[in-house]
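The primary structure of each chain is shown beneath.
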Amino acid sequence: SAVISQKPSRDICQRGTSLTIQCQVDSQVTMMFWYRQQPGQSLTLIATANQGSEATYESGFVIDKFPISRPNLTFSTLTVSNMSPEDSSIYLCSVETGQGESGYTFGSGTRLTVV
Amino acid sequence: KQEVTQIPAALSVPEGENLVLNCSFTDSAIYNLQWFRQDPGKGLTSLLLIQSSQREQTSGRLNASLDKSSGRSTLYIAASQPGDSATYLCAPASGGSYIPTFGRGTSLIVHP
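Chains as they are written, first to last, in my numbering: chain L, 1 to 115; chain V, 1 to 112.
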């Protein structure tokens, strides 16, 4: 299965600022997925990022708030823009490399606290 | 829309016990089901993947079963250890994109 390097691992940010989270995969993948996990909650899919096209956002998430870049088949970024305390969560990226046969692999997560 | 329920929400046991974690899902047309472990504030570690055609998978002290028709999966942990303390998440993959849907997890504490 793929290995994902995600950074930063954690950050404390001031409200109104933005944070960009990076995910690097050790192999080429078609789709990368970004999730949010609010405190005490399960994982919620934010968007699916395909290389060479606009990301596909789930209901309740918009590009202006969570812009995503996917410049190549091994890398993606998620930006959390104009942050408020409600954005305090763990953000995770994920890939699936085996066309359904290998399951999903996750990065180590970014723990974001907005003050 | 797939909905996933995990029972119990929390579990605290002494070391050595055999444990049963339950997962139910509403849409039985799944492609596969994955069990993950999450340590506090961290990412997810995949434990077991069961394809829709399979009934169970085993890895060491872990065994996961799948009854797709009834929308249930069970994770068995044998001879629990303090190092097993974590949150366990069940995630069936369904829909056209086979993207997993997550339950809220079972938070497990194993006391020495």
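Simulated from the structure, these hints should not be mistaken for lab results.
No experiment lies behind these values; they were computed from the predicted model shown.
Mixed in with the good hints there might be a few duds.
[What the hints assert, rightly or not] Pairs of lysine-lysine, DSS-like flavour, derived with a Cα cap of 27 Å:
1) L:Lys65 x V:Lys1
2) V:Lys1 x V:Lys68
3) V:Lys68 x L:Lys65
4) L:Lys7 x V:Lys42
5) L:Lys65 x L:Lys7
[As the list claims (entries may be wrong)] Sample of chain L residues with no beta-carbon within 10 Å of chain V, all distances over it, derived:
6) Gln51
7) Asn82
8) Leu92
All C-beta atoms, glycine included, are put in the ideal place defined by N, C-alpha and C.
Hints, one by one, checked against the model:
Restraint check for L:Lys65 and V:Lys1: the C-alpha separation of about 25 Å stays at or below 27 Å, so the hint holds. Restraint check for V:Lys1 and V:Lys68: satisfied, since their Cα atoms lie roughly 16 Å apart, inside the 27 Å limit. Proposed proximity of V:Lys68 and L:Lys65 is contradicted: the alpha carbons are some 38 Å apart, above 27 Å. Distance restraint check for L:Lys7 and V:Lys42: the Cα-Cα separation of roughly 12 Å lies within the 27 Å cut-off, and the hinted pair is therefore satisfied.
Annotation: proposed proximity of L:Lys65 to L:Lys7 holds, straight-line Cα distance about 19 Å (limit 27 Å). Every CB of chain V is more than 10 Å from the CB of L:Gln51 (nearest about 16 Å), matching its label as outside the interface. No beta-carbon of chain V is positioned within 10 Å of the beta-carbon of L:Asn82; the least distance is around 24 Å. Under the 10 Å C-beta cut-off, the non-interface status given to L:Leu92 relative to chain V is violated; the minimum distance is some 6 Å.
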